[in-house]
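Peer 1: These protein sequence lines map, in sequence, to chains C and H.
Taking this note's numbering, the leading residue of the first sequence gets 1, the next gets one more, and so forth.
Taking this note's numbering, the leading residue of the second sequence gets 322, the next gets one more, and so forth.
Keep in mind that the hints are not guaranteed to be accurate.
Stated by the list, open to error - Derived lysine-lysine pairs resembling DSS-like cross-links, with alpha carbons at most 27 Å apart:
| # | chain 1 | residue 1 | chain 2 | residue 2 |
| --- | --- | --- | --- | --- |
| 1 | C | Lys-73 | C | Lys-202 |
| 2 | C | Lys-268 | H | Lys-595 |
| 3 | C | Lys-202 | H | Lys-595 |
| 4 | C | Lys-73 | C | Lys-268 |
| 5 | C | Lys-197 | H | Lys-595 |
| 6 | H | Lys-505 | H | Lys-412 |
| 7 | H | Lys-595 | C | Lys-264 |
| 8 | H | Lys-356 | H | Lys-392 |
| 9 | H | Lys-505 | H | Lys-483 |
| 10 | H | Lys-483 | H | Lys-412 |
| 11 | C | Lys-73 | C | Lys-108 |
| 12 | H | Lys-392 | H | Lys-505 |
The hints are simulated quantities; they were obtained by calculation from the structure and are not laboratory data.
Bear in mind the structure is a predicted one, so any value in this text is a computation, not a measurement.
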Amino acid sequence: MSDAILDVRDVVVEYTTSGEPARAVDHVSFTLDRGEFLGIVGESGCGKSTLLFAIAQLLSPPAQLVSGEVIFKGRNMVGLREGELRSIRWRDYSVVMQSAMNALNPVKTVSAQFDDTMRAHGQTNAAGIRTRSREVMALVGIDAIHLKSYPHQLSGGMRQRVMIAMALLLSPDLVVMDEPTSALDVVAQRSLMVQIKELQRKLGFAVIFVTHDMSLVGHFSDRLAVMYAGKIVEIGPTRPLFAAPQHPYTRGLLDSFPSVYGPKVALKGIPGSPPDLTDLPSGCRFRPRCGSVMARCAEVEPALYPSGDTRARCLLFEETV
Amino acid sequence: MTDLTASAIADHAPLLQTVGLTRHFRIGGLFSNAKLHAVDDLSLTIRPREIVAVVGESGSGKSTIARLLAKVYEPTDGDILFRGRSLHDVKSRRDVLAYRGQVPMVLQDPFASLNPVHTIGYALDRGLALHQPTLTATEREAEAIRALEAVGLSPARQVLAKYPHEMSGGQRQRVGFAQALSYKPKLVLADEPVSMLDVSIRIGVLNLMARLCEEEGISFLYITHDIASARYVAHRIVVMYAGRVAETGPTEEVLRRPVHPYTRLLLSAVPDPKAPITITAADTGEPPRVVNPGPGCRFRQRCPLAIAICATVTPDLTEAVVPGHMAACHVTAPEAGMVA
Ligand SMILES: Nc1ncnc2c1ncn2[C@@H]1O[C@H](COP(=O)(O)OP(=O)(O)O)[C@@H](O)[C@H]1O
Ligand SMILES: Nc1ncnc2c1ncn2[C@@H]1O[C@H](COP(=O)(O)OP(=O)(O)O)[C@@H](O)[C@H]1O
Ligand code: SF4
Ligand code: SF4
Ligand SMILES: [Mg+2]
Ligand SMILES: [Mg+2]
């Protein structure tokens, strides 16, 4: 695994408010290669954002990283001081949030915000900053005239593009994105996805892309991790995972979105809703919603077992010795 | 302009029909005469037991249509006929409330549409008292329970006692439908009812609409920006661009043989792993805000097929191959004698 830029090892994150802690990320491990595009999918509340925040070292109380390591470019980021993190953030990795409206400063122009970010990383040459600002705007296909705009003067799609432009200012090796398209129309969503993919190919950064809409990443990610109630329940290369999903939950997700191609088929989606993280069912946590449930599923907590081209956390694929 | 769809199937009297429906907004301050054209010259027909989808990007006028049909906005021009009667004649508070009971709206945001301090039972009871004033308290409760059960929220008695925060997004959206259903409506205006929900929950709400249409005979106006979900539930589809209808017709027909370049763009944008892998250059355009427009096709700035006439003449809806399938495009659906 010499090519890995990121190695997430056994990360556990809990929210401790009153009563039982909610374990939003429960022993999650995966690696990411240089230039790789990893999609992370799952329903709301399954821990996607919490996992991204843990990776980017942006967790704040009541969230707490209980255990695990996040090795980024050979260095464990867990336990780094805020000053050290600040020098890495934006330069080595950047984060694009779900709502650009929350992430951008409403009272500053786009160029002022680009300026702040670059100065914070020691770029003080005004002409150089201007040139780079124009470059990244061109990368995301926005006229440089909008450097003078305030966030509210831009459409939702343009704001998300500006966020991505900002994330690329210092040419990071990794960009993590938390549902950057979910507030957008289908058309704007598609065009943003295509653009992210083109930029990633051209500039070679790695991407972790979080979404609740599995269909969105089908054409764009190299690998896919499916999360359920804090755990990765299936992980593998994207194409085989779509062609032959193994875990009953993955199959349910794939049975949730209508197609415009082929014959029209009735879809069922997934019955019920995800469990309360402070009160998980015994054994497999997908059990109450699973159509393939067996007696053993209440007793044994499944591990990730190889199956087909992927690995799935389901006792159907347990090695029987 | 008349709707050919309606006359072609004259044996089904329309439930609701719009004639040249138009809504402009004055913008830019007191002395400005800038007018934003949110909806222009819309002729739409909804029949009993029919789901009609209105599809388009944000800003294309979809919510304005819903609000016009709900009598929240008055038209700038044109008319709306509900069971043959002009809404211009529905004026008294009593008549308006009765109309809104027959044509209720379900909104996009299940989190904002319920008051957090009241139980579900209270919300349903208040709505019924307003729209069905002749019912007794006992009858209202029975009706609320029937509606909750019809949308799959059971045991209904327990749901009545719950507060909105005790329910998931999908459940809250079902409460929205239950409220509409309790009025015994003829037509439900559903403005992006699933776009804020998780993908895994959306399909359940779409199935619910289909079932209510089939079993209770209710018609739906289903507003969405997602043409795939429109295909899943709607009998007919209306594609809007910048306040005008670009294409309309029976859903399967329009999707199998899309005529308008904009419909083709919408189709190509559907995230669908079953689609052939074509990662083409992104269309980064957006629908324009239509302020004091001159003639010409509003899609021309984004259209790969635009020709000279597109900038000077507004294309009319013309019949394509199949009756009821119409598109407004000089190139792909030219009017007879218009373009060589
Ligand atoms: N601020 C918070 N306080 C307490 N619990 C939280 C908080 N934020 C999230 N959680 C818990 O963490 C779980 C995962 O949340 P999140 O990571 O936001 O999920 P996702 O991004 O997949 O929707 C939630 O189901 C919830 O139980
Ligand atoms: N009350 C209003 N005042 C001024 N402009 C409005 C108003 N309502 C809608 N508009 C404008 O009308 C156009 C259509 O809006 P809307 O019907 O909300 O579209 P959609 O629902 O398709 O996103 C937009 O340009 C919008 O800004
Ligand atoms: S382990 Fe059992 S309950 Fe869990 S997904 Fe597999 S079959 Fe279903
Ligand atoms: S009328 Fe012209 S601009 Fe409009 S859709 Fe047709 S070809 Fe394109
Ligand atoms: Mg999230
Ligand atoms: Mg709207």
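Peer 1: Of the numbered hints stated earlier in the document, which are not met by this structure?
Peer 2: 4, 10, 11
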